[in-house]
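Peer 1: Using the hints provided, position chain B relative to the given structure of chain A.
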Amino acid sequence: MLTRSSQIGEFYVMSPPQVFPGEKSMQHSCDILIFDEEADRHVRVTWAEALASCCIEVKNEGGEVTKPGIEGDTKLSYATDKMGEDRSLATWYKAANAWADATSDAAEPTTADAFKALDKDIRIVVARPFIEHLMHNAIMTVAGRDTGATLFGPADMQLSASHGTTRTWQGPSHAPPR
Amino acid sequence: MVTKPQNVLIMRDVACAGYVAGGNASFFTKYDKTHTLERARTALQERLSFSDDVGAKYGSMLAFPCTEQQFSANQGLDTVMSVTSRLLPWEVTGVNARNHSSFPGGEQVFRQYNQMLGLDSVHYGEDMKAAENQDFISQGSTNNATCFLGPHRKFDPFTSNFMSLVPGQGHFGPDAIPGVSSSHIQTIALFPYTFTTQLQSRFRCAEQRIGLTCTKHTRGRTPAGAGARASRSRPRATAWSRSSWRSTRRWSTASARRAAPAAAAARAPAAAATGHPAFPLSPGFVAFALLLARLGRARRGSVARRLRSQLGWCVCACLVWALAHSVGVRA
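Protein chains in written order, with the numbering used here: chain A, 6 to 183; chain B, 14 to 344.
If we strip away everything but chain A, and leave its shape as in the complex, we get (with noise of 0.2 Å):
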């Protein structure tokens, strides 16, 4: 069977609503549910967990990092509206982590003055580029004797086609039947 192992990745883009939900209304509205196929079930990603894969160093206000992980000087090439000119990954984590706690479950109730301040442009991506499956292939054919014939000789016999236009057969060596 041509059976092989072939990868796969998929995407997934988190954001956070782009109307006002309602003050009690904001919880998890920025998780996706994604589908797991180890678990054979849907899952849900929040907002928050990705956050934190995104692994960008925090720092106090002492300018002491006190998570270590990408530096937050690192600029994005498209920032958003509310992030103006500084295109930098710490203003980027602020503005997500504010998304992260008005949506987590121990929220506050948000008004919409509040949610008026908040980046809608913030985006997360969470990637899983190494689906594996086992995948069948096919071979499909033009029907005829023009495509190719299907030989059948004893176990010896050789072909070759080693050349362009010269190809030999070197018929088997088996003693005549008696």
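Honestly, I wouldn't trust all of these hints.
Distance condition first, Cα-Cα at most 30 Å in a straight line; then the derived DSSO-like pairs of lysine-lysine [claimed, not checked]:
{"hint": "1", "chain 1": "A", "residue 1": "125", "chain 2": "B", "residue 2": "142"}
{"hint": "2", "chain 1": "B", "residue 1": "17", "chain 2": "A", "residue 2": "125"}
{"hint": "3", "chain 1": "A", "residue 1": "29", "chain 2": "B", "residue 2": "167"}
{"hint": "4", "chain 1": "A", "residue 1": "29", "chain 2": "A", "residue 2": "125"}
{"hint": "5", "chain 1": "A", "residue 1": "87", "chain 2": "B", "residue 2": "167"}
{"hint": "6", "chain 1": "A", "residue 1": "87", "chain 2": "A", "residue 2": "121"}
{"hint": "7", "chain 1": "A", "residue 1": "125", "chain 2": "B", "residue 2": "167"}
{"hint": "8", "chain 1": "A", "residue 1": "99", "chain 2": "A", "residue 2": "72"}
{"hint": "9", "chain 1": "A", "residue 1": "99", "chain 2": "B", "residue 2": "17"}
{"hint": "10", "chain 1": "B", "residue 1": "46", "chain 2": "A", "residue 2": "64"}
Okay, the calculated bits of chain A under chain B, using three or more residues with CB under 8 Å as the criterion [unchecked claim]:
{"hint": "11", "segment": "82–90"}
{"hint": "12", "segment": "130–138"}
Everything labelled a hint here was simulated from the structure, so no lab data went into it.
None of the values given here were measured: they were computed from a predicted structure.
All C-beta atoms in this analysis are idealised placements derived from N, C-alpha and C, irrespective of residue type, glycine included.
Peer 2: Just chain B now, kept in the frame of chain A:
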């Protein structure tokens, strides 16, 4: 022996035969409730080399910072990205050649993650000649770098269940149905059923606003990893096909059963109209009345004696009664 190779086509990866790894919802960075880049670097190599058992639990996911502006930019990220140092075709040429613009966050963010996670080492040891020639068989493993937008559900305040599906635009296409276990197919697999189930569950538990119950649904859970593929692929193959579903819809017969007494009541006037009178006017009733009249005029004595004296009349009356009753029932 093929004498005309252009008549032969190898159709690659036309059907799934089994799951190996990489499709769970665990982050590479996570270890004991904390997320670190060091852990991710190690877990990546463990997964790609199957350093643990083949059926062991490995990580599958990575997370990267991004902005909406990168999705809307002309040179940014749209429906496909590369997570390693291997560039997309349109990133190789053009004004910003060799710029990894499809990576979430852009070129500088990629350099940082590449340095910390060792993303370029994903392709170490590959058969480059086979990869360049797109050969069917390569010496050694070939790891993927390209990720397409996959199917997922996100918050949507305008739908009844507060979730909407983002269709996948990648390898399995927009019509791929996630969730194919035979025990779950009626509750998870198809979207209308999924939404119905989630909606009911949501009202049962106040904290589960967006179908959280599905994450706790562990009935019929299958073992994870490549070791489970032998036991998993078979039930999936049957449940995946539409032949496992009922071909015609079964309508409820409750309304028909409720209407049956009314139909029987309407049958009596109809029988009268067709020449078969209802019970009070039937020939059997007339015969019974004549029998009672004969008994009344018979000799005095017990009822048994009267019946014996009118035995012939009794038999005739019973025959007429039975005949009339059978005709009436058929009508």
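Peer 1: Does each hint fit the structure? Answer for all of them.
Peer 2: Each hint tested on the structure:
1. With a CA separation close to 45 Å, the supplied pair residue 125 of chain A and residue 142 of chain B exceeds the 30 Å bound.
2. Taking the CA atoms of residue 17 of chain B and residue 125 of chain A, the gap is about 59 Å. The hint is violated against a cut of 30 Å.
3. At most 30 Å may separate the alpha-carbon atoms for a hinted pair to count; residue 29 of chain A and residue 167 of chain B meet this at roughly 18 Å.
4. At most 30 Å may separate the alpha-carbon atoms for a hinted pair to count; residue 29 of chain A and residue 125 of chain A meet this at roughly 18 Å.
5. Distance hint between residue 87 of chain A and residue 167 of chain B is fulfilled; the C-alpha atoms sit about 23 Å from each other, no more than 30 Å.
6. Our distance criterion of 30 Å between C-alpha atoms is met by residue 87 of chain A and residue 121 of chain A, whose separation comes to about 11 Å.
7. About 15 Å separates the Cα atoms of residue 125 of chain A and residue 167 of chain B, which keeps this hinted pair within 30 Å; it holds.
8. A C-alpha spacing of about 14 Å is found between residue 99 of chain A and residue 72 of chain A, which places the hinted pair at or below 30 Å, so the restraint holds.
9. This hinted pair does not check out: residue 99 of chain A and residue 17 of chain B have alpha carbons roughly 63 Å apart, beyond 30 Å.
10. The suggested pairing of residue 46 of chain B with residue 64 of chain A holds, with an alpha-carbon distance near 20 Å, which does not exceed 30 Å.
11. For the segment 82–90 of chain A, the assignment as covered by chain B holds, since 6 residues bring a beta-carbon within under 8 Å of that chain's beta-carbons and 3 suffice.
12. Remark: the segment 130–138 of chain A is confirmed as covered by chain B, as 9 of its residues place a Cβ nearer than 8 Å to a Cβ of that chain, reaching the required three.
Consistency with the previously given hints fails for numbers 1, 2 and 9, ordered from lowest to highest.
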